[in-house]
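Undergrad: Construct the complete structure from the given sequences, taking the supplied hints into account.
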Amino acid sequence: MLEGCRALDLTDENGFLCGKILADLGAEVIKIERPGGDPSRRIGPFWADTPEPEKSLYWFAYNSNKKGITLNILTDQGREIFKELVKQADFIIETFPPGFLDKLNLGYSTLSSINRGIILTSITPFGQAGPYKDYLASDIVIMGMSGILYQTGDPERPPVHMSLPQACLLAGADGAVGTMIAYYHREATGEGQHVDISMQQSAAWFLADAIPFWELAGRIMKRTGIFRLANRSVQRQVWRCKDGYVFFFMVGGRTGAKSFSELVSWMQAEGMADEYLLSMDWENLDMFQVNQEVIDRISAPIERFFLAHTKQEIAREAVKRRISICPLSSMADLLVDEQLKVRNFWVEIEHPELNARLTYPREFLKSSEKECATRFRAPLIGEHNEEVYTQIGLSKKDLSRLKEAGVI
Amino acid sequence: MDEKRNVFSGLKVVAFCWAVVGPLSMKYLADWGATVIRIETSRRPCTTRTSTPYKDNKPGLNRSGYFNHFNANILSLALNMEHPKAIGVAKRLVARADVVMENFTPGVIERWGLGYEELKKLKPDIIMVRQSGFGSWGPYAQQPAFGMILAAMAGLPNFIGWPDGGPLPFGIPAYTDCISPRFATAALIAALNYRNKTGRGQLLDLSQFETALYFIMPAILDYEANGREPERIGNSCPYAAPHGVYPCKGDDRWCTIAVSSDEQWANLCQAMGKTEYITDPRFNTLANRKKHEEELNQLVSSWTVNLTPEEVMNRLQSAGVPAGVVQNAADVYNDPQLRQRNLFWSLEHAEMGKFTHLGQGFILSKTPAQAWRPSPQLGEHTEYICTKILGMSDEEFVELVNAGVFE
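Going down the list, the protein sequences come from chains S and B.
Start counting the first sequence at 6; every next residue gets the next number (our numbering).
Start counting the second sequence at 489; every next residue gets the next number (our numbering).
Simulated from the structure, these hints should not be mistaken for laboratory data.
Hints are not guaranteed to be accurate.
Claimed, not checked - Once the Cα atoms are required to be at most 16 Å apart in a straight line, the calculated EDC-like pairs of lysine to aspartate or glutamate come out as: (1) B:Lys854 with S:Glu192; (2) B:Lys685 with S:Glu192; (3) S:Lys60 with B:Glu712; (4) B:Lys685 with S:Glu8; (5) S:Lys375 with B:Asp613; (6) B:Lys685 with S:Glu374; (7) B:Lys546 with B:Glu782; (8) B:Lys854 with S:Glu196.
TA: Okay, here's the thing in structure tokens:
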């Protein structure tokens with residue numbers, strides 16, 4: 006859908022996903038790294054646990070479908086070349102500290118004087134302005150500032166952080182949305198603009214009901230571990246099964262009644278539903294009013310039932326009976342998952358340098374008009390230097406000279 | 489009720505949505521100027537309209553703090569889709585729309601005769617966005633799902649928890665509901681531009697399960713390449729130490745600290761007034777700090793526990809160490825950075841009074857998101873939409889009202 010658009014992607018790991026989404030949608034995305042490769046190539050995990058810049062699986066995951074060039078924008082010549090590239094670009098995505106590009110005289114006002122329609126998307130921990138703009142951060146710091154971390158974990162233990170960074174992904178995806186809104190505006194008016202993404206804000210954007218609970222009831226949402234807090238009761242949502250865990254939470258009224266009655270009839274078929282479960286009027290179960298004793302009496306036989314089954318058995322029957330239960334998938338489960346298989350979700354991509362193929366998500370949506378597939382692996386360091394630089398009139402001789410000068 | 493000028497002024501969206509994923513998606517378009525009509529019914533109100541907290545603790549369809557928090561700028565049309573005449577009204581809206589969004593369990597929209605093929609007959613270049621738990625087709629398509637259990641399906645809780653404990657849910661229940669709209673909206677706007685250039689509409693089908701997998705991709709590759717399944721590692725990090733959540737002065741108050749270089753370690757020691765630890769052989773390199781991590785964490789905790797989290801953040805940030813407050817909802821509500829960036833909009837709502845509505849997550853320098861109106865009361869704009877947008881005569885409108893179409 007974005008065929009004919011070009012993005013210059015100067016991001017580190019905080020912004021990878023933005024360019025990945027644009028690339029999947031059809032834009033030509035050119036990753037620009039410093040000569041020798043971006044430091045984010047040192048982020049693990051690594052292919053064969055070998056920590057080398059061309060073997061970072063983290064890099065692979067979010068840079069497929071992008072081309073790659075090297076360019077040192079700290080040099081005068083590098084900046085001039087960058088400005089040439091800007092003339093032919095639609096989007097620039099970057100994750101430098103606020104003010105860094107301005108100091109290089111490559112800030113938004115310079116870029117827009119070169120190309121009025123250019124859209125500059127900046128992704129930083131706290132945004133371009135404000136009291137925290139220069140604060141140092143990593144994922145745990147940002148998740149802490151977003152309000153999510155405080156609510157994650159067991160009530161009697163410290164908040165616990167999701168060990169796979171998330172703020173960069175929420176912000177990266179927001180970067181793609183912001184870039185697209187600016188693009189729509191540009192197509193109508195010809196003018197570009199500066200899209201300012203704060204990772205903290207991207208993570209804090211949707212805290213479900215936590216903000217209204219504070220404002221209306223003066224109540225601070227706390228950590229509830231594997232439970233879910235209702236008005237007069239605490240309900241389990243993580244359950245052990247024979248070989249792992251399943252996630253299921255009780256929903257009242259009409260929505261929940263379907264799941265409950267199907268679950269109970271399955272339990273009954275196996276002789277594991279007690280009289281209490283069989284006597285319940287699920288349509289009239291009001292989770293807001295229900296007390297702990299009722300919850301405990303419902304939970305006990307369900308707990309025993311799950312323990313007697315494997316997650317695959319539970320998942321299969323849940324699909325068949327349309328019960329709202331999902332297993333906690335392992336990575337291995339995901340790669341053989343039936344739904345993903347039928348929807349053709351995975352695709353094998355060649356890595357000739359590793360003499361291997363790796364399985365990636367094919368596309369994040371199904372479009373009736375355009376395939377938005379992952380087509381090729383992440384770029385090697387400087388892989389597309391020749392292709393990209395010859396387009397702006399540099400000769401092979403120029404390129405070797407620039408290489409020697411440390412510009413590319 | 490003219491819209492103010494913004495990026496999507498004039499763009500018309502009809503949304504058959506439920507719970508969180510649909511409303512968050514339409515929010516992007518509405519906050520940047522589109523006319524977004526949300527179709528609802530009091531016969532079966534959205535689960536968020538019947539969610540706590542209520543204004544003054546009094547239940548009511550227009551009193552839920554949850555619903556009213558994130559539905560600003562939306563127009564509400566009450567339409568009982570089970571009524572035979574309702575379908576006709578919906579079709580008239582579709583015929584003049586640019587976009588139709590829906591996130592019901594697959595099959596519902598088809599039952600109403602509003603599947604993509606039908607929509608195309610009404611409006612050949614329509615763009616339809618579908619976002620169910622598992623996608624609109626495939627063996628799990630009909631399974632009802634919520635964000636919390638979809639996150640488990642996508643494996644996310646494997647990364648949350650302590651080495652001596654089980655997997656834990658993510659701190660916000662509807663996590664996959666706020667992942668999918670970002671992917672959907674980026675694609676939708678690209679599709680709108682594509683339509684403007686080519687005249688062609690399309691169907692976009694998203695699955696919350698699938699988009700959530702993009703949020704754990706490195707781990708899936710790690711499994712493929714190295715056979716490694718994720719382990720729960722608490723707040724530690726292979727590349728940083730100290731790294732974690734540390735206790736502070738006050739009730740349930742915590743700070744984060746993340747030291748990823750020897751320079752930051754030296755800065756931290758200076759700030760703690762423990763310069764002797766800079767070169768201490770237990771702590772002088774990342775490898776040594778990782779080896780003595782428990783001791784290290786105790787040392788850091790014994791310093792933080794006498795300070796407020798704000799004091800820790802201010803001192804360490806001035807010393808060049810990444811650190812922050814573990815903010816609770818009240819802290820986020822008052823956060824000066826987020827306030828300056830206009831995350832929250834204070835709007836006057838007929839039943840809520842002055843109430844904090846959610847703004848947008850990011851800033852566009854020339855066309856910032858704008859608040860035009862508070863979250864709608866159920867059916868608040870029914871008459872306006874029918875008579876002013878669809879151009880119904882008063883007689884027809886009254887006839888349909890009396891027939892119970894707009895319940």
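Undergrad: Would the hint linking lysine 60 of chain S and glutamate 712 of chain B be met if the CA-CA limit is 16 Å?
TA: Distance ~13 Å between lysine 60 of chain S and glutamate 712 of chain B Cα, so the pair holds.
Undergrad: Compare the distance between the alpha carbons of lysine 375 of chain S and aspartate 613 of chain B with 16 Å, and conclude whether the hinted pair is satisfied.
TA: 15 Å, holds
Undergrad: Against the 16 Å threshold, does the CA-CA distance of lysine 685 of chain B and glutamate 8 of chain S hold or violate the hint?
TA: 11 Å, holds
Undergrad: Checking one constraint from the list: CA of lysine 685 of chain B to CA of glutamate 192 of chain S, max 16 Å. Satisfied?
TA: 10 Å, holds
Undergrad: Would you check the hint for lysine 854 of chain B and glutamate 192 of chain S, treating anything up to 16 Å between C-alpha atoms as holding?
TA: 14 Å, holds
Undergrad: Within 16 Å, alpha carbon to alpha carbon, are lysine 685 of chain B and glutamate 374 of chain S?
TA: Distance ~14 Å between lysine 685 of chain B and glutamate 374 of chain S Cα, so the pair holds.
Undergrad: Within 16 Å, alpha carbon to alpha carbon, are lysine 546 of chain B and glutamate 782 of chain B?
TA: 49 Å, violated
Undergrad: Lysine 854 of chain B and glutamate 196 of chain S were given as a pair; does the straight-line alpha-carbon distance stay at or below 16 Å?
TA: The given pair, whose Cα atoms are some 9 Å apart, holds under the 16 Å limit.
Violated hint: 7 only; the structure is consistent with all others.
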